[in-house]
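Note that the protein sequences, when read in sequence, are chains A and B. First residue of the first sequence: 772, per the working numbering; consecutive thereafter. First residue of the second sequence: 883, per the working numbering; consecutive thereafter.
Hints are not guaranteed to be accurate.
Stated by the list, open to error - Covered by chain B, according to a simulated footprint, are these stretches of chain A (three or more residues, beta-carbon under 8 Å):
#1 1363-1376
#2 1379-1385
#3 1391-1401
Please keep in mind that the hints were generated in silico from the structure rather than gathered at the bench. Think of the CB as a built atom: it goes at the ideal place given N, C-alpha and C, for glycine as much as any other residue.
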Amino acid sequence: MYLLETVVNPVAATGLFQWAWLMIAIPLVVSGLLMVSGKIADAWGHLLATLAVIASFVIGLVLFLDLLGRTEADRAVRVSMWELFSTPTFTFRTDLLVDQLSILFVLLITGVGALIHVYSIGYMAHDERRRRFFAYLNLFIAAMLTLVLADNYLLLFFGWEGVGLASYLLIGFWQHRKSAAVAAKKAFVVNRVGDMGMAMAMFIMLTQLGTVNFAEVNERVSGMSSGMVTLLGLLILVGACGKSAQVPLQSWLLDAMEGPTPVSALIHAATMVTAGVYLVVRSHAVYAQTPTAALVVAIVGTVTLLFGAWIGTSKDDIKKVLAGSTMSQIGYMMLAAGLGPIGTAFAIFHLITHGFFKANMFLGAGSVMHGMDDDVDMRHYGALAKAMPITFATFAMGYLAIIGFPGTAGFFSKDHIIEAAFDKGLWFGLLALLGAGVTAYYMTRLMMMTFFSNKRWREGVHPHESPLVMTIPLMVLAVMSIIAGALMNNWIGGWLATSTGFHPHEMSLFKVTPIGWLTMAVVAVGVVIGWWLHKSDVSDTVPATRNPLVIAGRNDLYGDAFNEAVFMRPGQGLVSGLDSFDRTVVDGAVMGSAGVFGGLSTGLRRLQNGYARSYALTMVAGVLLVAVVLYLGRLA
Amino acid sequence: MLTLLETNLDWGALAPLIVVFVGACLGVVVEGVLRRSIRDEAQLIIAGLTLVLAFGFTVQLWRGREFGVEAGGSVSVDGPALFTWGALIIFTILALLLASERKLNQGQTDFVPMAASVPGSPLEARATALRLEHTEVYPLVLFATFGMMLFAASNDLITMFVALEIFSLPLYLLCGLARRRRLLSQEAALKYFLLGSLSSAFFLYGAALVYGYTGSFELNRVDAMIGSAGASSLLLAAGMGLVGVGLLFKVGVVPFHSWTPDVYMGSPTPITAFMAIATKMAAVAALMRVFYVGFGSMEWDWQPLFAVLAVLTMLVGSVIALTQSDIKRLFAYSAIAHAGFLLVAVAGAVTPTSSSAFGALTGSVGSIQFYLAAYGLATMGAFALVTMVRKAGGESTSLASWSGIGRRHPVFGALMVLFLLSFAGIPLTGGFIGKLLVFLAAWAGGYGWLVLVAVLMSLVAAFFYLRVIVVMFFREPNEHSEGVTVEKPSWMTWTVIVVAAVGTLVLGLWSGPLAELAIRASAFLGS
Chain A
772 MYLLETVVNP
782 VAATGLFQWA
792 WLMIAIPLVV
802 SGLLMVSGKI
812 ADAWGHLLAT
822 LAVIASFVIG
832 LVLFLDLLGR
842 TEADRAVRVS
852 MWELFSTPTF
862 TFRTDLLVDQ
872 LSILFVLLIT
882 GVGALIHVYS
892 IGYMAHDERR
902 RRFFAYLNLF
912 IAAMLTLVLA
922 DNYLLLFFGW
932 EGVGLASYLL
942 IGFWQHRKSA
952 AVAAKKAFVV
962 NRVGDMGMAM
972 AMFIMLTQLG
982 TVNFAEVNER
992 VSGMSSGMVT
1002 LLGLLILVGA
1012 CGKSAQVPLQ
1022 SWLLDAMEGP
1032 TPVSALIHAA
1042 TMVTAGVYLV
1052 VRSHAVYAQT
1062 PTAALVVAIV
1072 GTVTLLFGAW
1082 IGTSKDDIKK
1092 VLAGSTMSQI
1102 GYMMLAAGLG
1112 PIGTAFAIFH
1122 LITHGFFKAN
1132 MFLGAGSVMH
1142 GMDDDVDMRH
1152 YGALAKAMPI
1162 TFATFAMGYL
1172 AIIGFPGTAG
1182 FFSKDHIIEA
1192 AFDKGLWFGL
1202 LALLGAGVTA
1212 YYMTRLMMMT
1222 FFSNKRWREG
1232 VHPHESPLVM
1242 TIPLMVLAVM
1252 SIIAGALMNN
1262 WIGGWLATST
1272 GFHPHEMSLF
1282 KVTPIGWLTM
1292 AVVAVGVVIG
1302 WWLHKSDVSD
1312 TVPATRNPLV
1322 IAGRNDLYGD
1332 AFNEAVFMRP
1342 GQGLVSGLDS
1352 FDRTVVDGAV
1362 MGSAGVFGGL
1372 STGLRRLQNG
1382 YARSYALTMV
1392 AGVLLVAVVL
1402 YLGRLA
Chain B
883 MLTLLETNLD
893 WGALAPLIVV
903 FVGACLGVVV
913 EGVLRRSIRD
923 EAQLIIAGLT
933 LVLAFGFTVQ
943 LWRGREFGVE
953 AGGSVSVDGP
963 ALFTWGALII
973 FTILALLLAS
983 ERKLNQGQTD
993 FVPMAASVPG
1003 SPLEARATAL
1013 RLEHTEVYPL
1023 VLFATFGMML
1033 FAASNDLITM
1043 FVALEIFSLP
1053 LYLLCGLARR
1063 RRLLSQEAAL
1073 KYFLLGSLSS
1083 AFFLYGAALV
1093 YGYTGSFELN
1103 RVDAMIGSAG
1113 ASSLLLAAGM
1123 GLVGVGLLFK
1133 VGVVPFHSWT
1143 PDVYMGSPTP
1153 ITAFMAIATK
1163 MAAVAALMRV
1173 FYVGFGSMEW
1183 DWQPLFAVLA
1193 VLTMLVGSVI
1203 ALTQSDIKRL
1213 FAYSAIAHAG
1223 FLLVAVAGAV
1233 TPTSSSAFGA
1243 LTGSVGSIQF
1253 YLAAYGLATM
1263 GAFALVTMVR
1273 KAGGESTSLA
1283 SWSGIGRRHP
1293 VFGALMVLFL
1303 LSFAGIPLTG
1313 GFIGKLLVFL
1323 AAWAGGYGWL
1333 VLVAVLMSLV
1343 AAFFYLRVIV
1353 VMFFREPNEH
1363 SEGVTVEKPS
1373 WMTWTVIVVA
1383 AVGTLVLGLW
1393 SGPLAELAIR
1403 ASAFLGS
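Construct all of the structure, not just a fragment, from the sequences and the given hints.
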């Protein structure tokens, strides 16, 4: 239990902050407009959508600068909106909370979002449903902003479901492909499991604390019994696992790569999948009261970071390698979030740098696919560095960032997490270190197979560089991948202090700790192995292997098999059992009573014989009935 | 001392009544004065203006909260009276729109060209050839509306009896005016008249007995006398029971329901729609007024009676509806079942609690008023749709002929489904909120067992509504449905359908305002 937890009560919004809701409203309105406007908007819909996100970004930036100028006590601002509904016991409002944590997310979502919108203008140029695509993207932006700007769990849940919907629509955007439709459905179903956890967590808050407001929950949570607070922490974690593709709810993320690549970059790398980390960090006061749940968070993170890295080593589909890598990196964040106050700031730090370099690499992969006729198999690539120089250069910067090359963004953020993990326990530290090595290996493998080694292009494929509208976002993101770490390293811990409850000591920029040296050594080993194995000829077909580790990796570590055995088959059994129960017992009862009523109906119908005289007689009988009932009533 | 002529009438408070009455009289004058060719338009305009004006006066009275017992203690202008007046006027407007629809029937209304002609006679043929019309329908409906408005607001039993006759006589006539299947229509009119007279006799006898015991017809004096002289007399109980029988007949409660199916089926459909909601509304309002105000202190006597009758009514209505093969007859039994659901709340007899926000209690009167508004909208819509299904010019009301009709006419099918779901009390429709409120009121009144029975009976009732949906969408067209089409009506029927559909949805999704209004307008004067 951490006694130093501080609870910040937000100040009321003044001036510009009263307009914070516009950040959500603009993309939402544009999204609705694009959905209903029909073909008229085909020509300019994508531009309007991009402008909407840029507008949100500008508002966010202005607010951020305003916050920078304030004292720490005033940096959390509650924007009062309206009352959703109230009962005698609870009141639900739709207020927004702009504070140090949410504003960082706003900038990440709208900043990266705007770049990806620009990129999509080029990427989706030939898609006849481009207007709809941009409508969905804007819907996603609005929902994601609702998620991070909410000042209570219920409004957060609105956004949570909104991004789930947008994700579902976008994964299945090419719905004519059966695999895309199935993947969308799978993401939807798996996310329901997580959502159930979220909903139950809210029920617990309401029954135990009588509120779902962040500030009030943080204030009152110390009064809860330890069992309840642990349960609460675990349920929040279930929600986070679903959204952030953490083990055991990870299986949907790899399939989600069926969506258009900008979607993978925006939703399934930079923003939505990190919502789970945001949720855990937001709930840091809960985890401060329950070391057990916090430990489970750290374990889930550690398992996932290895799990994702393993999958990354054995896939040939470039997007799936990146997807495995995303899982793995979110695992790092989750691990950091589970480490307590010391780690939460680092989780957010890594989340932001990851947002830059992973979006960069996904968009780079999209650029490669664009030049390779939408082929995603790396065994059909090779030696693309010359054909696509800009894509290669920007991708390389993302690569350096993710493996943690000294000075790049990933170096700072990941290194902090590994050090914090060693603080927590030797095993956490060692496994995180191992993960870093594996990351270096599979990313080097990806680089070698795609940009170097021998040409394995399929016939008729002529790789070419993508247009500027696609490469400019790549360049911006590449620059951010390099410098974001150094920019924020000394600042973010202090900035987030009140939001995460951690007051950091100075973090030096260039002083490298022994663990830092160790990390660099492990990463170097990974890079060398990756280079050595793929430096010359790479087979253009999948080599047969009997290595069980590789086979397991290629099969997503049997995530689907696990789901089928644990959830699907018992579920099917239950359903067929219920079905036969329904057929025999329930239907029997229903049909039986239907028969009874039918018979009764036919019998009673005879009384309605059409003769006015018998109707009158019925009335007289009715009068007698009234008399009898009144008389009996008197007796009783 | 009886004064035969009350000299100082408060004209303002009685304005809606007077306006409707004068409008009806004007209609009669028009029949005698104007040429036949322009009579129909003139009648429609007069009736429309009359009703709009009356509605305006009603709203004004409500906004000024000008409540009071008027006309020498015989008319009580209070919340329930004004709510019922407003609703009656709206439903009358909708019914008249249906009645003046001509496009569905080759430019003619659903009413007989010459009611006095013997069906099948040369006179009838000539009248048809001359395209004669009974434009008396408009004044008749207005007289009926006037009677119903007076009925719902009567503060003494004699005024109530007079009002009962005022609205019954035009209805007996209107029932017999169907253009097609005239024998059936005339039979219905005659049956309705005979049984109606019988029920009037019961009512009158009951009123006399009550007068005999209490010495007054005025409801609040009756109540005061019962308070001071005690309620144990058998004379009083008999009087109350017989007055109740007269009212329950008009509500259509089992075992006083037998007229309903024959009359609903035989009448011209616009008139069926009018009766289904307007008569029920006025009768339930009068029933509550008599029992809550006049016999309020005898609730131990009448609560169990209403509970027993509610069970019987719900059971008979829902069960017999299961095997009906004609859509109008099915709606008749559905109307009986709905009378039972209403009676559930009447038996509950609770007043609204102070924190009467939504979810809290609306009280019996408020919830019944809401229920009737929702039920009335769905009824209007459903009967409007019934008039559109035609075969060889006439309405095709046998259920078998509706096979697959929803698939061939999806808009028609969807609208019918909406109204049926509202009848069945499925969420997102006004019918659901109405049922919920009514059941809550009975529950709060200590009639939990009755609510349980009512919920079970709603299930049975839902079944026969769903059966119509199944026939419309999942049955293959058969020999009965050959030549059956859904005709395109004029703007009048469309207006009714759109108002009903939008109203049904609005009451289901955003029921707060009307529920609020129904609660505020739920206090009887003198209770």
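Evaluation of the provided hints:
1. 1363-1376: Per the Cβ count (8), the hint holds.
2. 1379-1385: holds (count 4)
3. 1391-1401: holds (count 8)
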